[in-house]
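Peer 1: One letter stands for each residue in the lines below.
There are 2 protein chains.
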Amino acid sequence: MANEPDRRDRSAHPVTMRDVARVAGVSVATVSHVVNDKAGARIGAAARERVRQAIDELGYRPNMLAKNLVRGRSRFIGLVADAIATTPFAGQIIQGAQKEAWKHGFVLLVANTEGDREAEDEAIAMMLEHQVRGILYSTWYHRAVDTPAALGETTAVLVDCYSPDGQFPAIVPDEVGGGRTATELLLAAGHRRIAFVNAAEPSPAQEGRLRGYREALADAGIAFDDELVLAVHDEQDGGYEAGRTVLQRGATAVFCYNDRIAMGLYDRLREQGVSIPGELAVVGFDNQEIIAAHLRPPLSTVALPHYELGAAGVRVLLGLEEVPDGEPLLVACPPVSRQSV
Amino acid sequence: MANEPDRRDRSAHPVTMRDVARVAGVSVATVSHVVNDKAGARIGAAARERVRQAIDELGYRPNMLAKNLVRGRSRFIGLVADAIATTPFAGQIIQGAQKEAWKHGFVLLVANTEGDREAEDEAIAMMLEHQVRGILYSTWYHRAVDTPAALGETTAVLVDCYSPDGQFPAIVPDEVGGGRTATELLLAAGHRRIAFVNAAEPSPAQEGRLRGYREALADAGIAFDDELVLAVHDEQDGGYEAGRTVLQRGATAVFCYNDRIAMGLYDRLREQGVSIPGELAVVGFDNQEIIAAHLRPPLSTVALPHYELGAAGVRVLLGLEEVPDGEPLLVACPPVSRQSV
DNA sequence: ATGAAAGCGCTAACAC
DNA sequence: GTGTTAGCGCTTTCAT
Numbered sequence: 001m002a003n004e005p006d007r008r009d010r011s012a013h014p015v016t017m018r019d020v021a022r023v024a025g026v027s028v029a030t031v032s033h034v035v036n037d038k039a040g041a042r043i044g045a046a047a048r049e050r051v052r053q054a055i056d057e058l059g060y061r062p063n064m065l066a067k068n069l070v071r072g073r074s075r076f077i078g079l080v081a082d083a084i085a086t087t088p089f090a091g092q093i094i095q096g097a098q099k100e101a102w103k104h105g106f107v108l109l110v111a112n113t114e115g116d117r118e119a120e121d122e123a124i125a126m127m128l129e130h131q132v133r134g135i136l137y138s139t140w141y142h143r144a145v146d147t148p149a150a151l152g153e154t155t156a157v158l159v160d161c162y163s164p165d166g167q168f169p170a171i172v173p174d175e176v177g178g179g180r181t182a183t184e185l186l187l188a189a190g191h192r193r194i195a196f197v198n199a200a201e202p203s204p205a206q207e208g209r210l211r212g213y214r215e216a217l218a219d220a221g222i223a224f225d226d227e228l229v230l231a232v233h234d235e236q237d238g239g240y241e242a243g244r245t246v247l248q249r250g251a252t253a254v255f256c257y258n259d260r261i262a263m264g265l266y267d268r269l270r271e272q273g274v275s276i277p278g279e280l281a282v283v284g285f286d287n288q289e290i291i292a293a294h295l296r297p298p299l300s301t302v303a304l305p306h307y308e309l310g311a312a313g314v315r316v317l318l319g320l321e322e323v324p325d326g327e328p329l330l331v332a333c334p335p336v337s338r339q340s341v
Numbered sequence: 001m002a003n004e005p006d007r008r009d010r011s012a013h014p015v016t017m018r019d020v021a022r023v024a025g026v027s028v029a030t031v032s033h034v035v036n037d038k039a040g041a042r043i044g045a046a047a048r049e050r051v052r053q054a055i056d057e058l059g060y061r062p063n064m065l066a067k068n069l070v071r072g073r074s075r076f077i078g079l080v081a082d083a084i085a086t087t088p089f090a091g092q093i094i095q096g097a098q099k100e101a102w103k104h105g106f107v108l109l110v111a112n113t114e115g116d117r118e119a120e121d122e123a124i125a126m127m128l129e130h131q132v133r134g135i136l137y138s139t140w141y142h143r144a145v146d147t148p149a150a151l152g153e154t155t156a157v158l159v160d161c162y163s164p165d166g167q168f169p170a171i172v173p174d175e176v177g178g179g180r181t182a183t184e185l186l187l188a189a190g191h192r193r194i195a196f197v198n199a200a201e202p203s204p205a206q207e208g209r210l211r212g213y214r215e216a217l218a219d220a221g222i223a224f225d226d227e228l229v230l231a232v233h234d235e236q237d238g239g240y241e242a243g244r245t246v247l248q249r250g251a252t253a254v255f256c257y258n259d260r261i262a263m264g265l266y267d268r269l270r271e272q273g274v275s276i277p278g279e280l281a282v283v284g285f286d287n288q289e290i291i292a293a294h295l296r297p298p299l300s301t302v303a304l305p306h307y308e309l310g311a312a313g314v315r316v317l318l319g320l321e322e323v324p325d326g327e328p329l330l331v332a333c334p335p336v337s338r339q340s341v
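So the sequence lines, in the order shown, correspond to chains A and B. Heads up: the first sequence begins at 1 in the numbering used here, then just goes up one per residue. Heads up: the second sequence begins at 1 in the numbering used here, then just goes up one per residue.
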């Protein structure tokens with residue numbers, strides 16, 4: 001009785017509930033009941049035991065396709081992203097969404113579209129055909145989007161983006177709060193002449209972070225000095241160029257729009273032999289692990305909450321969390337203190 | 001006839017084939033045939049047209065759950081990854097896999113496990129229940145893995161990792177070739193004293209790249225000098241420390257085990273005022289976009305082919321591509337020339 | 001406490 | 001050419 005061939009691992013998986021029922025000497029209904037631990041149905045301990053045994057004797061696995069079909073809805077959540085490969089950000093969104101989805105018994109269907117409208121439509125159609133419970137539409141940086149029409153056919157939630165017409169619930173980082181946090185990191189260290197190297201192109205981040213910077217300054221009773229805010233076009237190169245100006249204008253600290261700008265700035269400072277944070281304190285934004293944690297000295301920064309954005313996205317999608325009226329839901333950007341302040 | 005409410009976008013999607021059949025005045029079989037453009041079945045142009053019209057009048061979408069159920073297999077491919085969020089690498093694997101899967105009409109089911117065995121088992125079980133066609137098991141850096149038992153229940157392919165017992169087909173980067181490529185980049189620029197700052201911990205990458213380095217040197221008729229190969233433990237910090245030694249030993253070029261080591265090395269060189277590539281040429285490895293493309297000067301490096309790894313993974317899984325006997329399939333690491341050589 | 005039967009939306013023979 | 005029919009694996013009344 002020990003050298004029976006083990007049926008458990010054949011590739012095709014034709015072990016159905018009926019097989020289990022036959023082996024256990026019960027009906028499929030009974031099997032269904034014990035498999036799902038149905039509350040209402042009382043099954044005798046004996047039968048239950050026989051079923052359990054048959055199940056692992058045969059290596060039975062429920063067939064979700066059938067299960068979902070009969071229930072009319074699947075337990076899939078679609079996630080369409082515009083740039084999975086280019087940044088680590090999308091990965092964090094996926095990760096957050098996946099974990100939260102799992103927690104509620106859902107599975108993620110992922111599609112990358114590279115921002116191509118046709119690919120998006122195709123992805124959404126595919127998800128709809130799979131009867132997804134809803135779709136998370138996400139971008140890798142915070143911005144306004146023009147959503148594909150097909151999104152309207154299901155429950156959709158925008159992640160790290162928003163539609164200007166407020167058609168869908170949206171979840172975005174709190175840029176203003178983040179700008180404030182970054183500035184406060186510097187303020188708390190006693191700095192009063194704090195420069196801000198901002199991006200040049202307008203965006204929710206560019207505007208929001210600036211506003212946060214001004215608010216923090218105002219709260220600290222420091223007059224805003226626009227000599228101290230610079231706008232750069234490139235990231236690393238811009239930071240490098242801005243380095244000199246910042247020094248000339250007598251700043252003792254600088255808040256960089258993002259970590260990459262800080263990275264360029266570091267280069268300039270190193271060349272000029274100015275020490276961080278001794279002679280100039282710097283804080284970044286984004287918390288791009290690869291950069292921030294490994295610059296010399298490690299960069300204090302403010303994190304973009306991508307993981308949380310993804311997680312909140314599924315919560316909202318599942319109706320577990322509310323979003324304010326027409327407004328996007330704001331997720332806080334927490335400070336990450338390292339050694340540059 | 002114009003103010004009929006548009007049924008197209010109600011969230012629940014109860015428009016079935018039967019509805020279409022009724023509206024078009026045909027049978028469901030006919031609808032099925034036109035929807036699937038069945039080769040064998042000849043449908044009259046008139047009926048075909050009526051069906052088409054009914055379809056978009058009602059906003060009908062096929063129900064994949066039902067379709068897959070009746071066919072016995074789904075068109076899902078599972079991808080289990082150990083670190084989606086921490087590096088951009090996983091994103092590239094996902095992206096490659098997703099695109100290739102799509103091309104063949106498959107959809108990706110993604111699960112992140114953070115390397116936790118229990119999470120892996122759960123993920124695999126879930127995928128199996130969804131009747132996936134197969135599973136891609138991937139890691140974010142090239143290494144040997146001990147595969148979860150449940151993988152054996154389906155077709156599995158290892159991506160960026162391999163099982164020592166060769167139980168599953170595996171696809172990994174060609175580290176030796178990559179090491180060679182990196183070295184040749186330097187050789188081609190006329191360098192003869194080329195240092196190699198390697199990682200200290202043994203790994204396929206650590207061993208393979210070193211071998212490639214030696215082979216390239218040998219091919220160029222340059223004697224191997226072990227004074228010129230350094231082993232560092234940390235990445236950025238290690239590179240920084242190694243900088244001095246490299247200079248002392250009279251190297252005119254250096255091949256860094258990865259871009260992060262190169263990043264640390266850059267810092268040291270900048271401090272000592274040595275110019276790149278004028279006084280010292282450097283090449284990295286990995287092609288971590290964020291770092292390599294934005295260092296000053298931009299770093300020449302060798303790319304890890306994650307995208308291709310993922311794509312090849314699904315091809316192998318689908319039986320579209322063969323892997324050598326017990327060996328992993330090697331994917332080339334192409335050079336990326338920027339300005340540090 | 002357990003089983004019979006209907007049916008989820010679709011495909012695939014096989015009739016007509 | 002097009003319709004009829006029998007399931008795919010499962011859940012779920014409703015009987016017994």
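Be aware that a few hints might be false.
[What the hints assert, rightly or not] Quick list of in silico lysine-lysine cross-link-like pairs, DSSO-like style, CA-CA up to 27 Å: (1) B:K38 to B:K67; (2) A:K103 to B:K38; (3) B:K38 to B:K99; (4) B:K99 to A:K99; (5) B:K99 to B:K67; (6) B:K67 to B:K103.
It should be emphasised that the hints constitute simulated quantities derived from the structure, not laboratory data. These numbers come from a predicted model, not from an experiment.
Peer 1: Does each hint hold? Answer for all of them.
Peer 2: Quick rundown of the hints versus the structure:
no., hint, in the structure
1, B:K38 to B:K67, "14 Å, holds"
2, A:K103 to B:K38, "41 Å, violated"
3, B:K38 to B:K99, "26 Å, holds"
4, B:K99 to A:K99, "23 Å, holds"
5, B:K99 to B:K67, "22 Å, holds"
6, B:K67 to B:K103, "19 Å, holds"
Checked against the numbered hints above, the structure breaks only hint 2 and satisfies the rest.
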